[in-house]
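4 protein chains.
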Amino acid sequence: MNTFGQLFRLSSFGESHGRGIGGVLDGCPPGLTVDLELIRKELSRRRPGQSALSTDRNEADEVELISGIFEGKTTGAPIAFLVRNTDMRSQDYDYLKGIFRPSHADYTYHSKYGIRDHRGGGRSSARETIARVVAGAFAKMLLNTMNISIEAFTSQIGPIVLEQQDSTLFSSELAAENPLHCPDREKAEAMMALIARVKEEQDSVGGVVSCVVRGLPVGWGEPVFGKLHARLASAILSIPACKGFEYGSGFDVSQKGSQQNDAFYFDGERINTRSNHSGGIQGGISNGQPVYFRAAFKPIASIRIPQETVDKEGAAVKIQIQGRHDPCALPRVLPVVEAMAALVLADACLMAKSKERIV
Amino acid sequence: MNTFGQLFRLSSFGESHGRGIGGVLDGCPPGLTVDLELIRKELSRRRPGQSALSTDRNEADEVELISGIFEGKTTGAPIAFLVRNTDMRSQDYDYLKGIFRPSHADYTYHSKYGIRDHRGGGRSSARETIARVVAGAFAKMLLNTMNISIEAFTSQIGPIVLEQQDSTLFSSELAAENPLHCPDREKAEAMMALIARVKEEQDSVGGVVSCVVRGLPVGWGEPVFGKLHARLASAILSIPACKGFEYGSGFDVSQKGSQQNDAFYFDGERINTRSNHSGGIQGGISNGQPVYFRAAFKPIASIRIPQETVDKEGAAVKIQIQGRHDPCALPRVLPVVEAMAALVLADACLMAKSKERIV
Amino acid sequence: MNTFGQLFRLSSFGESHGRGIGGVLDGCPPGLTVDLELIRKELSRRRPGQSALSTDRNEADEVELISGIFEGKTTGAPIAFLVRNTDMRSQDYDYLKGIFRPSHADYTYHSKYGIRDHRGGGRSSARETIARVVAGAFAKMLLNTMNISIEAFTSQIGPIVLEQQDSTLFSSELAAENPLHCPDREKAEAMMALIARVKEEQDSVGGVVSCVVRGLPVGWGEPVFGKLHARLASAILSIPACKGFEYGSGFDVSQKGSQQNDAFYFDGERINTRSNHSGGIQGGISNGQPVYFRAAFKPIASIRIPQETVDKEGAAVKIQIQGRHDPCALPRVLPVVEAMAALVLADACLMAKSKERIV
Amino acid sequence: MNTFGQLFRLSSFGESHGRGIGGVLDGCPPGLTVDLELIRKELSRRRPGQSALSTDRNEADEVELISGIFEGKTTGAPIAFLVRNTDMRSQDYDYLKGIFRPSHADYTYHSKYGIRDHRGGGRSSARETIARVVAGAFAKMLLNTMNISIEAFTSQIGPIVLEQQDSTLFSSELAAENPLHCPDREKAEAMMALIARVKEEQDSVGGVVSCVVRGLPVGWGEPVFGKLHARLASAILSIPACKGFEYGSGFDVSQKGSQQNDAFYFDGERINTRSNHSGGIQGGISNGQPVYFRAAFKPIASIRIPQETVDKEGAAVKIQIQGRHDPCALPRVLPVVEAMAALVLADACLMAKSKERIV
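In order, the protein sequence lines correspond to chains A, B, C and D.
According to the numbering used here, the first sequence holds residues 16 to 374 in order.
According to the numbering used here, the second sequence holds residues 16 to 374 in order.
According to the numbering used here, the third sequence holds residues 16 to 374 in order.
According to the numbering used here, the fourth sequence holds residues 16 to 374 in order.
Keep in mind that the hints are not guaranteed to be accurate.
Copies of the same chain look alike in the list, so a pair counts if it fits in one copy or across any two.
[Unchecked claim] Result set (DSSO-like, lysine-lysine): computed pairs, CA atoms no more than 30 Å apart in a straight line:
id, residue 1, residue 2
1, Lys368, Lys88
2, Lys333, Lys368
3, Lys333, Lys112
4, Lys56, Lys88
5, Lys112, Lys368
Keep in mind that the hints were calculated from the coordinates and are not lab data.
The following block holds chain A by itself, in its conformation from the complex (with noise of 0.2 Å):
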């Protein structure tokens, strides 16, 4: 299962100490012009030793675009692409090969398969995500062609919360002065103390993106088994570490129904929603409102504090995890939050395409 969406597909490969890591993108719409410059930007957002928040692996994550591309513009065919891998050191995790490391996926992976490439975890890195960071820059092209942006913040770290919760209303301009694209100047700051203090402590922290989409046309999604909210949470809770997900009002079920329906009015040229506890879809369909939703990411699991675990044999074993590690999933994820709800957007779009009335 290394394949996402229906008709906008992306297949992804590759290893975190393998020679690369890639992806085909199978469906993307013919005669679409490929903004290089973005593919740079959303991987240099992704790539490691941007801030001092995140890790010292220095890649350089060129990407080549090998098929599916002709005079600039796509073609209808597969995209191939690919990022090789240069700043490798696997030795740094030979003291893993028959270890597990707790709370990660080598455990999961030697029983499910029976063999496992240890070195930097392998299939399971989150340097996995270069693929879905192309492909969603792709599906960004489309997207932009339709004047539909998606933009994910930080809003909260650790402890640290935002007390506004309702992301539609931060302010993209504040954002922008942090690394953490925290629309908040004095919560960003203990934000990015927090993290620094973590990292010293060789621990790591957890935090929740907030990501909101505007533009999105009525219509978008599919009902019963492909609703627009269970694809963007599928596609979500597939990028590591992330661990919840809730759209509109989401887990806040503390008000009554009187409270949180969204009246309808018509403004002159549209029907509107006075309130948007629904997130921007109903019935598992874009209703024209902005879509908004938090993802919760958990601790990094790997921390240079000493931990108890077993080997493969069931032998007890104390395990200092060395290797680079961010002490915090955000603000690296961020891009990849974006990628993936811009994929499954771009795949919402074509199957809406395809349903258009014909008669």
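Starting from the known structure of chain A, arrange chains B, C and D on it as the hints suggest.
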């Protein structure tokens, strides 16, 4: 998109006020003894009119098994089933023909399809979940042969929340005492009182379902885009009114990695974890610990309190929703949550079998 | 694998001597006027007992449309339908319970599933094709709105072959004169006489269906693994007793490239080809010329002549197959061939729509 | 639609004159020893310039295995691979930029996508089959562990046909003597002479491939829409230039049921059939006998003889196709036929595993 699953696949059909609700379950392994009592029991848990907490609609919900069964056992052929609608009062919905109920799927279906069966919500009605409950019962029959159990609890109604958040510690015995299947006597009383009050007020209220799966072997779930929790999220969020999903530590990101990592140890027989913040899933694959997750359900959108809205021409209208509606998605949604989880797990079981080492 | 299609998808269910045969058609575009007469006509063409050429089993084959239709139009929701079995004589099959009929699916189903509904072939019965004919009628309704027609002819029975091999030159008028829909009066007579003789001999005979599709636009079909002819082949070869498929020049490989290449020319309005050895498909995509293909059907395996075989313990037994069986798959298979072609084309239509240039 | 398979899935990418051809193989079971020699051997059989019968294009076709392999074994992660294009002479194709070659995919791709990589046929080039051959080699590695063999023969070139039509009787030893892998010395000579003459005439010629699979267990293949022969047909007809597929008795429908039915008998160890008109498949499921099928390949459309055609404005032009082209799809297509058959069988193997009786 009315089909769910890769190998164990349900195709659902039917409308609230059409001839009936049914499904086709393809991929169910052969030789499974069909437990009719289980199907009836699950349907009965979902059926309206079982307690003072739900709507008065009174459907017998008798299921006809049409195919795929021979001499009391599954044959490997698709299992079709149908529950006919009987107690419909479609005229109750005549006044809604051109009107969009707030926070319902009326407006989005109308916009997407240009045609809409308005009677009782048509295809978007929660009555569709009958198909999931029947198919889920077959999934449970399969899981039962492996001693895997699934149990859903009510853990929140409106602002009333259980203190104990770890649902693996919930008492099934205590839960069995009340119709909400809430494992806390006092809280259950308060929740039921709240639902009764809200019903009287012609309003509605939301809640949270906690669900525990026990007995899963290590190795179910597929990496990257088929992660077990992502499939569960997609399944659960496809249930009407569901707004959020979290598993394990979920949105509780305030702790550090050193606190949340689950240490492995060998108990003499197998490898276990000392804590279970991972929620029984690591890298998208079951690790042999209990799987637990929570799902948020918004207040039912159908309330009798008068509401502002528009008709399909955009004219402002005031509506007072008639028909028979629950004041709360819980407890009737509990068997639906279990059924969707069962469908995901049965599918994961077949996927895992297909991947078993050949060489 | 009881589901066919990517976007226009049929899930088929039912057994020969179970409660009935039916299907769920998902993805049919909304707003299509349901032509009940067409469904009845197609079912009637497939129904036994329509001419002296077929079995005596007498099924009314009344279809119940269960869902997905509102006020005479499709709604975009799944269309479930059911044709109940009525004229079953299951006891006719009791003697076959543990015996494998030669060239039937008895042995392979038994080996694969370990359990088998032996009555009338169970799931492997050609009665299953009712589901295809009903779903195919919906596909035809969709194609009709675009003036696309599909017509299947009998072009060979046993050794009696039409001289004219290019089915695009067949006369529909002549074909309409005889129950085989064979466009050659004399040959049709001879074929019917042969079928009658074979029936008398309690034997069976094979034949070839030729099918022509007119009115296809340029651009349907997907490159590489979704080629239009590959989808057609897969569809047609899924019909019981089908052993071969060819399109355009097919197995006639004796000519050279200079003879078989189809020269393009512009007729003032559009680009055409002077010949059509390509069968209307180039690179897997329709080129606007008529699509034509041929399908071979083996002699029906159920014959009354005594045969040697074994039972499930491997003991040699002699059987004489009872029950009511056709001496030839043709002409009853003609509407099934058309239906499968229609399903492929409706699906290709939706796929093509989804790929339409967005930018 | 550049992905093939349900569980053992190849996603193919690349163009004739782009950076290379490659694929991602997902679902390959873990622990399989990677036989690099086999991959090279299969690629070499497909490579141009191996005999006087084929084009002069000289590609080294060195494959890079990018992911999914660790210490010489498959890990269960997707296997990405890339064969870079090196000996391209794209300028050979400049004159074709706006011209539609007869019986090629130029016109249909242009119409469908509005943009086309005209160099060497772009995505529609037979060079794409490299991806199938590499993935097919992995499928063969899997099948080899079960002693399943696949062998393709040349059984017809132009009008020269083998008298022996039952390919299960072909001699592999005789076939190994000539580059066509034709099991008849004299006919092979004549066929090679014909290909040489046609090449001299700057023309091309068609042919038929016969393929035999031995060692299949009983029970592979899925009923109704996943029939083993329907999957094989879809696979084989997805190969460029393939126009027809038949298995077992195929288009030979002149015999009666009493002649074609395959009587079962027990040989002391297992159930066999006395004849094999069923081609090893009954009801879509393998019955343990050899599977054999035939595939027709039209004359290669690229001929140097001048041809009439039009350009994209519809103006009549005369073209003389340059570039390096084979005069016949055979013998280079033989390993491609085997590869596609291997992909179908590996997939059927995993599907059968997933269905194994659980209860």
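Against the structure, the hints:
1. Both within a single protomer and between protomers do Lys368 and Lys88 lie at most 30 Å apart by alpha-carbon distance, with minima of 21 Å and 20 Å respectively.
2. In this assembly of identical chains, the alpha carbons of Lys333 and Lys368 never lie at most 30 Å apart, being 55 Å within a copy and 34 Å across copies at closest.
3. For the identical chains of this complex, Lys333 and Lys112 are intra-copy neighbours only, at 14 Å inside a copy versus 63 Å across copies, given an alpha-carbon limit of 30 Å.
4. Within a single copy, Lys56 and Lys88 get their C-alpha atoms as close as 19 Å, which meets the 30 Å cut-off; across copies the closest is 36 Å, which misses it.
5. In the homo-oligomer, the alpha carbons of Lys112 and Lys368 lie at most 30 Å apart only across protomers (26 Å), although the nearest pairing inside one protomer, at 49 Å, exceeds that limit.
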